[in-house]
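**Student:** Here are the chains, one letter per residue:
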Amino acid sequence: MDTKELTLTHLDALEAESIHIFREVAAEFERPVLLYSVGKDSSVLVRLAQKAFAPGKIPFPLLHVDTGYKFQEMIEFRDRFTADIGADLIVHRNEEAIANNANPTDLGTQKCCGLLKTEALLQGLSKGNYDAAIGGARRDEEKSRAKERFYSFRDSFGQWDPKNQRPELWNIYNSGINEGESIRVFPLSNWTELDVWLYIYREEIPISNLYFAQEREVVRWNNQLIVKGDVMLNAAELETEPVVSRFRTLGCYPCTGAVLSNATTVPEIIQEMMVVRSSERTTRVIDHDSEGSMEKKKREGYF
Amino acid sequence: MSSPTQIKSDSTLQEVQTFLEDYGQRTLLRFTTVGSVDDGKSTLIGRLLHDSKSIFEDQIATLKGESKQNLSDEQIDFSLLTDGLKAEREQGITIDVAYRYFSTPKRNFIIADTPGHEQYTRNMATGASTANLAIILIDARHGVIEQTQRHSFIASLLGIPRLLICVNKMDLVNYSEDVFDNIREQYTNFATKLGIVDLKFIPISALKGDNVVEQSENMTWYHGEPVMEYLEDVYIGSDRNLVDFRFPVQSVIRPDHTFRGFAGQLASGRIRVGEEVMVLPSMRRSKIKEIHQFDKTIEQAFASQSVTITLEDEVDISRGDMLVRPRNVPHSENHFESMIVWMSEVPMDPSKTYVIKQTSRQTKANVLDVRYQVDVNSLSRNKVDHLNLNEIGRVAFRTNLPLFFDPYKLNRMTGSFIMIDPLSNNTVAAGMIIDRVPTERLREESDVALKNRNIHRHEGSVTQVEREAKLNQKGVTLWFTGLSGSGKSTIAGALERRLFDLDKNVYRLDGDNVRAGLCGDLGFSRYDRKENIRRVAEVASLFNSQGTIILASLISPYQEERDSAKEIVGEERFVEVYVKAPLETCEQRDPKGLYKKARAGEIQNFTGVSDAYEEPTDARIVLDTEKLSVDECVDQLLDLIDELS
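Chains as they are written, first to last, in the working numbering: chain W, 5 to 307; chain A, 3 to 647.
Keep in mind the hints are simulated off the structure, nothing from the lab.
Keep in mind that the hints are not guaranteed to be accurate.
To be verified - Label pairs and their computed distance ranges (CB to CB): (1) A:Asn-184 x W:Leu-264: 55 to 65 Å; (2) A:Glu-17 x W:Asp-92: 38 to 48 Å; (3) W:Asp-88 x A:Asn-390: 17 to 27 Å.
Claimed, not checked - Pairs of lysine-lysine residues, derived as DSS-like cross-links and limited to a Cα-Cα distance of at most 27 Å, are as follows: (4) W:Lys-74 x W:Lys-115; (5) W:Lys-61 x A:Lys-298; (6) W:Lys-61 x A:Lys-291; (7) A:Lys-472 x A:Lys-506.
For every residue, glycine included, the Cβ atom is placed at its ideal position computed from N, Cα and C.
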């Protein structure tokens, strides 16, 4: 017997593992939801969900937490993409905070994120009474995530206790929860950034134009290239310059930096990946706030 | 929307495609690293990541910053890379499993970095559960210590197929070959006891980089490969079970009335379109119609692929069922023996009902017996009545629903399970199934279980010997096995008459008759058939114990079933009688018209037609009904009964 022929490639093995998890979630939870952030990982997540249930439809809704600071191109892409695949999209915003003009310049990025992302996410989850929230986080993104489980238990306040995680063995996942508690599920845990890109390339998965290089008007701020937007109170005072750039991750425009790049296709991005020497979250302002900041956010309920 | 796969320049396309092809050929190696707190485990991982260029510049910059802050050391402290959580870094120890990723042009790797100190056996078990290989670090200055032994035991318990023993800090023992050789010998002696055969030893200095990625110039006496090369080349193709097809059904996909697919991930084995499969527990059979993978169909599926299978026939299947091949079935039992790693701070309560999750099946379970607890340091066995956090022991269980399982050593996916506390919902234990509980043992256990339920067997004052003396006969069971129509009932009936006329106490238990009453609640699934046999054997045993001769005629097609009947009745009273006739003859006789119906597909799982008959290999007597008359058969059996008395 030729076992080589019967060996899954790395990418196929990751895919099979993720699909298995999707199916477990759909079978064992009453109200799952897929947290859709519009980014490339979300696109991969959605494709895997499609694969898990084909030829049926994805048996749960997609929830997008909109901070009000998302790039317009993201919103357009979101609406088109979800309509194309016939997904059930739910958008949630922390309207109260948005009405109070929450913004990173006045509040600082930590507090702003706390209100518009973490708080909004918890609101959205409790509004839908979801017992399982599927997210696209990967363990290779950040140190504290390296210890995250596929099934991450959250207490009734949505909080994570890194010291008291359920052991997770083989491919057997414990979906047991009591009223009010929930599980965050991370089917992409074992994927790396490169895996995600290769998969997008192989599967021809649509992603937002923001990932591709073009000339963009940016402000140099905190060592980042920030696309100029009208919410930055002092935007008028800052000088902008046209820079050919793209985004490695998509977040809120005031806090997501672009990188210098000429990559206008996925293969070019992959090529860039092959030589890139900087991890992707460096373009996120929030991770640099203080050492261990991601861990702190996660304990509070941030995804 | 952009079209992301459009290629702009030819060179980029070619480069990326070459890379993709290459990446596509790569295999995935999952390994776990274990060692004591100061063995330099994190340093080794850090160096593997760094030297394979898996660390980004900004991470290195952060590390340099942290190193200065904590250690005022010029050199990068690689261990900071892996000791993720802030709380852990403050304590200076890794307290949970952390996963790392790196790749080389030959392979992709997932590292489960697990803590080595005593309190966290459960984390090591977690990391080990999916590993192809374990790296065990030994400090060259200290040699094989208790923790090393514990780690090795857990690695063998979790079925990690191979161990790489890195004798670290060789720089602190002057790169001495003697030190290395001593440790190797010491460790090999120990590992042999555990039954671990695939061992590899490499002398390294993780801190200085000796034999990690580059061959060390300080240890020219070592002629083997460095760690990285070994990891890249070690053969892991034999790790998966590609023989025994097991497909636990996760869900049924039914978008409309035209499609009914069974979704799941192959736990082991492989299957092709057109091949026959059997559903557990119903034992219904069908053929594979199609194997779907999203927008395409494939001809063959193999272990660990996630697929959706459709069948030729409409068969009732739901989550928790398993598709297997009719001639290669797992155990289907509601009791089994297993090794358990207790993972909860709340100790095991043997009187409590837990939940067991195994493949896609979940059921309530009770502890039958804690056989022993293993002292992981001395490997000695202690008699205990429960297990505490991080203790390992052998435990027998009884489950509410039968599980479809294989021994863990043959099949990691169908031999593993987790235990869940139904109140807290915590995962309290991980289990590795050894085998079913032997029937004899099960009876003892049932006694214990009965006592726990305040049922005590009452031993009367009249003994079986007295009863048999009074009747002037020995209570034995003649177990007639053979195909339908082979002549079992005819012979048993004639023998009963003759014995009765000889003034013997005799009673006939006929398969069809018991199905009307005693076993009227049972169907024909494998589980039900077993239960049918069990009940008949138990009744036979009761009759025997009061001296009556029992003539039991049941097809009982499987040796396993007949053996279990033998165990219940007792070997000295059990006589296996094989009533032999070729299938064609039986089919011609067809006294009940059953073969006809089976051929027409009206009866499922009919022995000889759509189900196997395992010929007895060591029957006490074989009666060939093509050659022998009924009377001749009866005469032979009377002689045998005389012999036994």
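**Student:** Each hint should be assessed against the structure and marked as holding or not.
**Tutor:** Structure-based check of all given hints:
| no. | hint | in the structure |
| --- | --- | --- |
| 1 | A:Asn-184 x W:Leu-264: 55 to 65 Å | holds (56 Å) |
| 2 | A:Glu-17 x W:Asp-92: 38 to 48 Å | holds (40 Å) |
| 3 | W:Asp-88 x A:Asn-390: 17 to 27 Å | violated (55 Å) |
| 4 | W:Lys-74 x W:Lys-115 | holds (17 Å) |
| 5 | W:Lys-61 x A:Lys-298 | holds (16 Å) |
| 6 | W:Lys-61 x A:Lys-291 | holds (22 Å) |
| 7 | A:Lys-472 x A:Lys-506 | holds (11 Å) |
When held up to the earlier numbered hints, the structure conflicts with hint 3 and nothing else.
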